[in-house]
Amino acid sequence: MTNKPLISRACAGLIALTIGLLATSAPLRAHHGATNVYDFSKPVVLKGTITKFEWLNPHNQIYFDVTDEKGTVSHWIAATEPPQVMLERGWTRRSLKEGDEVTVYIFAAKNGAKVGNLQKIVLADGKELTAAGAPAAAAPAK
Amino acid sequence: MRNRLMLLGSLSVGVLTFTLTVSAQAPKGATPPPQAANAKPADLSGDWAPDGRRGGIGQSLSVSDIRGTKRGAEDDIPYLPWAREKTMSERTSTGPDPQFGNTTDPQVLYCEPPGVPHIYLWPIKHRFVQTPEAVYILHELGPFYRVVWMNAKHPEDPDPQWWGHSIGWYENGDTLVVDTIGFTDKTWLDQMGHPHTEQLHLTERYKRVDANTLELRMVIDDPGAYSKPWNAERNFTMSKTGFLRYQQICSVRENKRFEDNLAKPALNK
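Quick mapping for you: the protein sequence lines, in order, are chains A and B.
Counting from 1, position 89 in the first sequence corresponds to residue 89 in my numbering; the numbering is continuous, with no gaps.
Counting from 1, position 5 in the second sequence corresponds to residue 5 in my numbering; the numbering is continuous, with no gaps.
Hints are supplied without guarantee of correctness; some may be wrong.
As the list claims (entries may be wrong) - Quick list of in silico lysine to aspartate or glutamate cross-link-like pairs, EDC-like style, CA-CA up to 20 Å:
id : chain 1 : residue 1 : chain 2 : residue 2
1  : B       : LYS40     : B       : GLU171
2  : B       : LYS228    : B       : ASP159
3  : B       : LYS264    : A       : ASP39
4  : A       : LYS110    : B       : ASP97
5  : B       : LYS153    : B       : GLU171
6  : B       : LYS256    : A       : ASP39
7  : A       : LYS52     : B       : ASP260
8  : A       : LYS47     : A       : GLU128
9  : B       : LYS28     : B       : GLU254
10 : A       : LYS52     : B       : GLU254
11 : B       : LYS86     : B       : ASP221
12 : A       : LYS52     : A       : GLU101
13 : B       : LYS86     : B       : ASP76
14 : B       : LYS28     : B       : ASP221
15 : B       : LYS240    : B       : ASP210
16 : B       : LYS207    : B       : ASP260
17 : A       : LYS114    : B       : ASP260
18 : A       : LYS110    : B       : ASP260
19 : A       : LYS114    : A       : ASP125
20 : B       : LYS264    : A       : GLU54
Said to hold, decoys possible - Not close to chain B: a few residues of chain A, all C-beta gaps over 10 Å, as computed:
id : residue
21 : THR67
22 : GLU88
23 : LYS120
Unchecked claim - Simulated restraints, written as ranges between beta carbons of each label pair:
id : chain 1 : residue 1 : chain 2 : residue 2 : range
24 : A       : HIS75     : B       : VAL252    : 21 to 29 Å
25 : A       : LYS120    : B       : GLU233    : 29 to 37 Å
26 : B       : SER251    : A       : GLY126    : 57 to 65 Å
27 : B       : SER251    : A       : ASP65     : 23 to 31 Å
28 : B       : THR213    : A       : THR92     : 26 to 34 Å
29 : B       : TYR110    : A       : GLY90     : 32 to 40 Å
30 : A       : ASP65     : B       : PRO78     : 52 to 60 Å
31 : A       : GLU98     : B       : GLU85     : 48 to 56 Å
If you are wondering where the hints come from, they were derived from the structure by calculation, not from laboratory data.
Here a beta-carbon is modelled for each residue, glycine too, at the ideal position from N, C-alpha and C.
Please model the complete structure; the sequences and the hints are all you need to start from.
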């Protein structure tokens, strides 16, 4: 056995989050590797417009714009668990599309960056897409 | 000249001793019991998801510490000193003290195969394809698969490989026993950094308890890392939602995209 050399902090960071999310079961915040990075005490609620929805490993990425009362637009990105886990939760790659008006519940980064982990999205018609949950393949521990 | 001969002799003895030592340390593995060839096969058909009511996936193989909160001090892992030190030197990416951005988990760092039993600590399903010659265990991660050669014998000196060399047999009409040796030492046993050596001899017993329940009981026997064999377990439930609906592949390129867009911004101070 030998000690493994370190790769770049950035790459390791990504993968840590990836594994954290993959290895995690519901509730999402309970034990994934980013509990020290995101504020899971309560979600930030944002009304915005979807600009892109990427359905891919290691995590789906939801891009959306939020316009404040002064007309200033900010760009946000939310992550979900991996596609195969989200399929278990009823999502598909067509669950969101560009232009959708949505209300996003997101556990945002503690450092103020406009990124975070998705809790749920409510579409304009009231349909709710929940990111957390207990999929068959990643159910919570007792 | 005499000194050279003595040196040569010493070297030869040294090499011979080393060879014998290494040979002696190679795990032997088990052989199928004589009656196994006629045993009734266990029915392992179906897709098997981690049982959230009975442990889920967890982060540690320790039965007493599935969340890894007592890493290095679990009362059911009989570490050799170096293995404990090695475990504690690792920086995990999950568990109670995730080293976000600084992990040493080789499966995370290099997209290497997790191996077994590490594969069972992922939120994925598993399927068994049973034939008289072999049982193929398919995993939604990778997608990787293992081949369990039924009623066969291990090679005398198997090459160390990521998934080892597996043989198997049935017992009691409800259990598949899988015996594996020939592992590399490159994988972690779980996500908490528990190491193993090439001496690892893993025994897995997959028991179909009822229509919806599969139990896996494991014995980790690695005299290179642990003072005695120890037990681990995972439980699975039948899933009806479909197998491999999406291929969970570790891609450095996709990881990089995720890193740039989400991980880095969240990490910036």
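Do the hints match the structure? See the list:
1. A distance of roughly 7 Å separates the Cα atoms of B/LYS40 and B/GLU171; the hinted pair therefore holds under the 20 Å criterion.
2. Simply put, B/LYS228 and B/ASP159 have alpha-carbon atoms about 24 Å apart, too far for the 20 Å limit, and the pair is violated.
3. In summary, the hint linking B/LYS264 to A/ASP39 is supported, as the alpha carbons are separated by about 16 Å, within the 20 Å threshold.
4. For the hint pairing A/LYS110 with B/ASP97, the CA-to-CA distance comes to about 17 Å; that is within 20 Å, so the pair holds.
5. As the CA atoms of B/LYS153 and B/GLU171 are separated by approximately 17 Å, the hinted pair is consistent with the 20 Å bound.
6. Our distance criterion of 20 Å between C-alpha atoms is broken by B/LYS256 and A/ASP39, whose separation comes to about 23 Å.
7. In summary, the hint linking A/LYS52 to B/ASP260 is supported, as the alpha carbons are separated by about 16 Å, within the 20 Å threshold.
8. Straight-line distance between C-alpha atoms of A/LYS47 and A/GLU128 comes to about 14 Å, which keeps the hinted pair within the 20 Å bound.
9. Between B/LYS28 and B/GLU254, the direct Cα distance comes to roughly 41 Å. Violation of the 20 Å bound is thereby established for this hinted pair.
10. At most 20 Å may separate the alpha-carbon atoms for a hinted pair to count; A/LYS52 and B/GLU254 meet this at roughly 16 Å.
11. For the hint linking B/LYS86 to B/ASP221, the alpha-carbon distance of about 18 Å falls within 20 Å, and the restraint holds.
12. Taken as a hint, the A/LYS52 and A/GLU101 pair is honoured in the structure, with Cα atoms around 12 Å apart against an allowance of 20 Å.
13. Between B/LYS86 and B/ASP76 the CA atoms are separated by roughly 17 Å; this keeps the pair inside 20 Å, and the hint holds.
14. Distance restraint check for B/LYS28 and B/ASP221: the Cα-Cα separation of roughly 11 Å lies within the 20 Å cut-off, and the hinted pair is therefore satisfied.
15. Of the supplied pair hints, the one linking B/LYS240 and B/ASP210 holds, its CA atoms being roughly 15 Å apart against a limit of 20 Å.
16. Under the criterion of a C-alpha separation no larger than 20 Å, the hint pairing B/LYS207 with B/ASP260 is inconsistent with the structure, at around 44 Å.
17. Distance hint between A/LYS114 and B/ASP260 is fulfilled; the C-alpha atoms sit about 13 Å from each other, no more than 20 Å.
18. At most 20 Å may separate the alpha-carbon atoms for a hinted pair to count; A/LYS110 and B/ASP260 meet this at roughly 17 Å.
19. Taken as a hint, the A/LYS114 and A/ASP125 pair is broken in the structure, with Cα atoms around 25 Å apart against an allowance of 20 Å.
20. With a C-alpha separation of about 18 Å, the suggested pair B/LYS264 and A/GLU54 falls inside the 20 Å cut-off, and the hint holds.
21. Annotated as non-interface, A/THR67 keeps its C-beta farther than 10 Å from every C-beta of chain B; the closest such distance is 20 Å.
22. Under the 10 Å C-beta cut-off, the non-interface status given to A/GLU88 relative to chain B is violated; the minimum distance is some 6 Å.
23. Listed as a non-interface residue, A/LYS120 keeps its Cβ farther than 10 Å from every Cβ of chain B; the least gap is roughly 18 Å.
24. In this structure the supplied range 21 to 29 Å holds for A/HIS75 paired with B/VAL252, their Cβ-Cβ distance being about 25 Å.
25. For the pair A/LYS120 and B/GLU233, the supplied restraint of 29 to 37 Å holds, since their beta-carbon distance comes to about 34 Å.
26. About 36 Å separates the C-beta atoms of B/SER251 and A/GLY126, a value inconsistent with the hinted range of 57 to 65 Å.
27. At roughly 28 Å, the beta carbons of B/SER251 and A/ASP65 sit within the given window of 23 to 31 Å.
28. Take B/THR213 and A/THR92: their Cβ atoms lie about 29 Å apart, and the range 26 to 34 Å holds.
29. Take B/TYR110 and A/GLY90: their Cβ atoms lie about 33 Å apart, and the range 32 to 40 Å holds.
30. For A/ASP65 paired with B/PRO78, a C-beta distance near 56 Å keeps the hint of 52 to 60 Å intact.
31. Here the CB-CB span from A/GLU98 to B/GLU85 is close to 52 Å, well matched to the stated 48 to 56 Å.
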